[in-house]
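*Asks:* Starting from the known structure of chain A, arrange chain B on it as the hints suggest.
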Amino acid sequence: DAMVIQNPRYQVTQFGKPVTLSCSQTLNHNVMYWYQQKSSQAPKLLFHYYDKDFNNEADTPDNFQSRRPNTSFCFLDIRSPGLGDAAMYLCATRGGGEETQYFGPGTRLLVL
Amino acid sequence: GENVEQHPSTLSVQEGDSAVIKCTYSDSASNYFPWYKQELGKRPQLIIDIRSNVGEKKDQRIAVTLNKTAKHFSLHITETQPEDSAVYFCAASIRNSGYSTLTFGKGTMLLVSP
Numbered sequence: 001d002a003m004v005i006q007n008p009r010y011q012v013t014q015f016g017k018p019v020t021l022s023c024s025q026t027l028n029h030n031v032m033y034w035y036q037q038k039s040s041q042a043p044k045l046l047f048h049y050y051d052k053d054f055n056n057e058a059d060t061p062d063n064f065q066s067r068r069p070n071t072s073f074c075f076l077d078i079r080s081p082g083l084g085d086a087a088m089y090l091c092a093t094r095g096g097g098e099e100t101q102y103f104g105p106g107t108r109l110l111v112l
Numbered sequence: 001g002e003n004v005e006q007h008p009s010t011l012s013v014q015e016g017d018s019a020v021i022k023c024t025y026s027d028s029a030s031n032y033f034p035w036y037k038q039e040l041g042k043r044p045q046l047i048i049d050i051r052s053n054v055g056e057k058k059d060q061r062i063a064v065t066l067n068k069t070a071k072h073f074s075l076h077i078t079e080t081q082p083e084d085s086a087v088y089f090c091a092a093s094i095r096n097s098g099y100s101t102l103t104f105g106k107g108t109m110l111l112v113s114p
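Top line first, the protein sequences correspond to chains A and B. Sequential numbering of the first sequence, starting at 1, is according to this note's numbering. Sequential numbering of the second sequence, starting at 1, is according to this note's numbering.
Next up, chain B with everything else stripped away, as it sits in the complex:
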């Protein structure tokens, strides 16, 4: 089955700096890659996603890049703010006849210091 590795496990940055979280996946058939943000005690919330036919996607301060050949994708957050502090999960999935399950990375705890 699919295996998703995520690095780093923790990331501390100063407010205003950029943060980068990287993930690799094992199954070349994976074609959908979402990123979820989870604040303490709350639900995971989708912040951005990318499909395999796209190399990069941006939404304000957040961007995701995908390298299908190398089977890795990355989350980039620019101009970080204290409210960006949370755990971020990458995931990968394969669409197969409408059945689709997410394989999550282990998460990255991002701490943005004022």
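Isolated chain A, as found in the complex:
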């Protein structure tokens, strides 16, 4: 059974049109991460939540926002997508007492 679920799997948006990506988990993990991964590159951490405590990476653009309404769900909002934001967006979770991160299948974003 899927443990970290991301929807949609593919998202096409227009330049400047806001888009929201979603992540849900059945693991009851208290830590959730959002990564951006461009072609042939490593995943790049955008931000993460430890419970409701939000932690933004210093180089994450202001264009990227996140919401975590409850333990199971986390959203990535891109307010004004640019062509350079086309990438795979990966959600990951971790139990507070563990080190292992579990990745979702990702959402591939295309910006036209």
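Take the hints with a grain of salt, since some may be wrong.
Said to hold, decoys possible - Every beta carbon over 10 Å from chain A, so not counted as near; a handful from chain B, in silico:
hint	residue
1	Asn3
2	Arg51
3	Val54
Claimed, not checked - Pairwise CB distance ranges, derived in the manner of DEER restraints:
hint	chain 1	residue 1	chain 2	residue 2	range
4	A	Gly97	B	Lys58	16 to 26 Å
5	B	Arg95	A	Val12	20 to 30 Å
6	A	Glu98	B	Lys58	44 to 54 Å
7	A	Asn7	B	Val54	35 to 45 Å
8	B	Asn53	A	Ser72	28 to 38 Å
9	B	Glu2	A	Asp51	20 to 30 Å
10	A	Asp62	B	Thr78	44 to 54 Å
As the list claims (entries may be wrong) - Beyond 10 Å from chain B on every Cβ pair, some chain A residues (computed):
hint	residue
11	Phe15
12	Ser24
13	Asn28
14	Pro43
15	Arg68
16	Asp85
To be clear, the hints were calculated from the coordinates, so they are not data collected in a lab. Just so you know, even glycine gets a beta-carbon here, dropped at the ideal spot from N, CA and C.
*Replies:* Using the frame of chain A, we list chain B on its own:
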């Protein structure tokens, strides 16, 4: 912050050969080192990990070694098979009051030829 260097960027081997991927890290406080395998268009999947209190760990054809003094760790795959072809990422993290983030290496594309 932490910096992880990974080599080589690409590695081609014949089926049945061994493959070795090496990583170095900069922060001596790092204490957890996972390796992820990512096939094209799929999610990264944890294949093996090691903690700083262990020097070596093995799981069937895969092994990881850690040298804390030199701050480097390596992934060893023996008897490679075509299905081992993928991009492999090493990572390092520091546990700090429950907050933990991974710093990834840039990845190694492994190609196993039949």
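*Asks:* Now look at each hint and say whether the structure bears it out.
*Replies:* Against the structure, the hints:
1. Asn3: 12 Å, holds
2. Arg51: The claim breaks: Arg51 (chain B) does not keep its Cβ more than 10 Å from every Cβ of chain A (closest is about 8 Å).
3. Val54: 13 Å, holds
4. A:Gly97 to B:Lys58: 16 to 26 Å: Given range 16 to 26 Å: holds, Cβ gap about 25 Å.
5. B:Arg95 to A:Val12: 20 to 30 Å: 39 Å, violated
6. A:Glu98 to B:Lys58: 44 to 54 Å: 21 Å, violated
7. A:Asn7 to B:Val54: 35 to 45 Å: 38 Å, holds
8. B:Asn53 to A:Ser72: 28 to 38 Å: 33 Å, holds
9. B:Glu2 to A:Asp51: 20 to 30 Å: Roughly 23 Å apart at Cβ, these two residues keep to the hinted range, so it holds.
10. A:Asp62 to B:Thr78: 44 to 54 Å: 47 Å, holds
11. Phe15: It holds; Phe15 (chain A) is separated from chain B by about 24 Å at its closest Cβ, greater than 10 Å.
12. Ser24: 15 Å, holds
13. Asn28: 15 Å, holds
14. Pro43: Not fine: 6 Å to the nearest Cβ puts Pro43 (chain A) too close to chain B.
15. Arg68: 15 Å, holds
16. Asp85: 19 Å, holds
Hint compliance for this structure: hints 2, 5, 6 and 14 are not met, and every other hint is.
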